[in-house]
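Asker: Letter by letter, the chains look like this.
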Amino acid sequence: DTGVSQNPRHKITKRGQNVTFRCDPISEHNRLYWYRQTLGQGPEFLTYFQNEAQLEKSRLLSDRFSAERPKGSFSTLEIQRTEQGDSAMYLCASSFTGGESYGYTFGSGTRLTVV
Amino acid sequence: KQEVTQIPAALSVPEGENLVLNCSFTDSAIYNLQWFRQDPGKGLTSLLLIQSSQREQTSGRLNASLDKSSGRSTLYIAASQPGDSATYLCAAKAAGNKLTFGGGTRVLVKP
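Residue numbers (my numbering), protein chains in the order written: chain A, 1 to 115; chain W, 1 to 111.
Don't read these hints as lab results, they were simulated from the structure.
A quick note: this is a predicted structure, and the numbers were derived from the prediction, not measured.
Glycine is no exception: its CB is placed at the ideal position from the N, C-alpha and C atoms.
Some clues are possibly wrong.
[Said to hold, decoys possible] Derived contacts from chain W toward chain A, CB cut-off under 10 Å, selection only:
hint: 1; residue: Thr26
hint: 2; residue: Ile30
hint: 3; residue: Asn32
hint: 4; residue: Lys98
[What the hints assert, rightly or not] Cut-off 30 Å, straight-line C-alpha distance, at most; resulting in silico cross-link-like pairs (DSS-like, lysine-lysine):
hint: 5; chain 1: A; residue 1: Lys57; chain 2: A; residue 2: Lys11
hint: 6; chain 1: W; residue 1: Lys98; chain 2: A; residue 2: Lys71
hint: 7; chain 1: A; residue 1: Lys57; chain 2: W; residue 2: Lys68
hint: 8; chain 1: W; residue 1: Lys98; chain 2: A; residue 2: Lys11
hint: 9; chain 1: W; residue 1: Lys42; chain 2: W; residue 2: Lys110
hint: 10; chain 1: W; residue 1: Lys98; chain 2: A; residue 2: Lys57
hint: 11; chain 1: W; residue 1: Lys1; chain 2: W; residue 2: Lys68
hint: 12; chain 1: A; residue 1: Lys71; chain 2: W; residue 2: Lys42
hint: 13; chain 1: W; residue 1: Lys42; chain 2: W; residue 2: Lys1
hint: 14; chain 1: A; residue 1: Lys57; chain 2: A; residue 2: Lys71
hint: 15; chain 1: A; residue 1: Lys57; chain 2: A; residue 2: Lys14
hint: 16; chain 1: W; residue 1: Lys1; chain 2: W; residue 2: Lys98
hint: 17; chain 1: W; residue 1: Lys1; chain 2: A; residue 2: Lys57
hint: 18; chain 1: W; residue 1: Lys42; chain 2: A; residue 2: Lys57
hint: 19; chain 1: W; residue 1: Lys42; chain 2: A; residue 2: Lys14
hint: 20; chain 1: W; residue 1: Lys98; chain 2: W; residue 2: Lys68
hint: 21; chain 1: A; residue 1: Lys71; chain 2: A; residue 2: Lys11
hint: 22; chain 1: W; residue 1: Lys42; chain 2: A; residue 2: Lys11
hint: 23; chain 1: W; residue 1: Lys68; chain 2: W; residue 2: Lys110
Could you put together the complete structure from these sequences and hints?
Answerer: Here it is, written out as structure tokens:
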């Protein structure tokens, strides 16, 4: 297993277009998380899945954002009608279910630029 | 609501000096605390994870301590090298299994 994989690495899109990002987690991990990071800030939680169930969504996740994890494997994050404020690094992470013993493994992120 | 703070936001040291990075959190009911390194434009690399029942963790030149009662964690990097230049982020995992991140400390090690 090569870790958490995210595609594409970079995406430049025009305002108003839709974009979709993909995340392939570590295969043994049943939890998958999406975070957003703007320049100079720490990552902020967007949503997470346990297997195929989306268990929590942040208020940051407006109705233009949707995430799926069909069959509990890879996940996609779609942003509809992109706005310049959506420009950020989108990070995916995965982990085992559990308490104190398990940490997160992050992917390399997808850098979105909305022009 | 958990809040995580890292001070200072930026730090510059000469090569060879020891680095001390601070992280504070408001809710002591955490499962663990994780330290990450982030290079410019890249994702996060996990450095150390300290479980709530532990006081410290070590890996090579890195040592992280955890004091839940005071809501603090410290990352020590011994004998810093220019390759240690990066942003260091701490994150606390609490009920709900979300990680709450600090804003990071940007470190520059000058040769």
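Asker: Take the hints in turn and mark each one as holding or not.
Answerer: Here is what the structure says about each hint:
1. Taking 10 Å as the C-beta cut-off, the interface hint given for threonine 26/W is violated, the closest approach to chain A being about 15 Å.
2. With a least beta-carbon distance of about 8 Å to chain A, the hint placing isoleucine 30/W at the interface is held under the 10 Å criterion.
3. Nearest Cβ of chain A to the Cβ of asparagine 32/W: about 5 Å, under the 10 Å cut. The hint holds.
4. For lysine 98/W, the interface hint holds, since its Cβ comes within 10 Å of a Cβ in chain A; the closest pair sits about 5 Å apart.
5. The hinted pair formed by lysine 57/A and lysine 11/A meets the criterion: a straight-line CA distance of about 23 Å does not exceed 30 Å.
6. This hinted pair checks out: lysine 98/W and lysine 71/A have alpha carbons roughly 22 Å apart, not beyond 30 Å.
7. With a CA separation close to 28 Å, the supplied pair lysine 57/A and lysine 68/W stays within the 30 Å bound.
8. About 26 Å separates the Cα atoms of lysine 98/W and lysine 11/A, which keeps this hinted pair within 30 Å; it holds.
9. Note on lysine 42/W and lysine 110/W: the hinted pairing holds, with a Cα-Cα distance of about 21 Å set against a maximum of 30 Å.
10. Taking the CA atoms of lysine 98/W and lysine 57/A, the gap is near 11 Å; set against the 30 Å cutoff, the hint holds.
11. Restraint check: the Cα-Cα separation between lysine 1/W and lysine 68/W comes to about 16 Å, which is no more than 30 Å; the hinted pair holds.
12. For the suggested pair lysine 71/A and lysine 42/W, the alpha carbons sit about 28 Å apart, so the restraint of at most 30 Å is met.
13. Our distance criterion of 30 Å between C-alpha atoms is met by lysine 42/W and lysine 1/W, whose separation comes to about 28 Å.
14. Taking the CA atoms of lysine 57/A and lysine 71/A, the gap is about 19 Å. The hint holds against a cut of 30 Å.
15. As the CA atoms of lysine 57/A and lysine 14/A are separated by approximately 26 Å, the hinted pair is consistent with the 30 Å bound.
16. Pair hint lysine 1/W plus lysine 98/W holds up; C-alpha atoms about 11 Å apart against a cutoff of 30 Å.
17. Between lysine 1/W and lysine 57/A the CA atoms are separated by roughly 15 Å; this keeps the pair inside 30 Å, and the hint holds.
18. Distance hint between lysine 42/W and lysine 57/A is fulfilled; the C-alpha atoms sit about 24 Å from each other, no more than 30 Å.
19. For the hint pairing lysine 42/W with lysine 14/A, the CA-to-CA distance comes to about 23 Å; that is within 30 Å, so the pair holds.
20. Of the pairs offered as hints, the one joining lysine 98/W and lysine 68/W holds, with about 18 Å between alpha carbons and a cut-off of 30 Å not exceeded.
21. As the CA atoms of lysine 71/A and lysine 11/A are separated by approximately 26 Å, the hinted pair is consistent with the 30 Å bound.
22. The suggested pairing of lysine 42/W with lysine 11/A holds, with an alpha-carbon distance near 14 Å, which does not exceed 30 Å.
23. With a C-alpha separation of about 33 Å, the suggested pair lysine 68/W and lysine 110/W falls outside the 30 Å cut-off, and the hint is violated.
In summary, the numbered hints that this structure violates are 1, 23.
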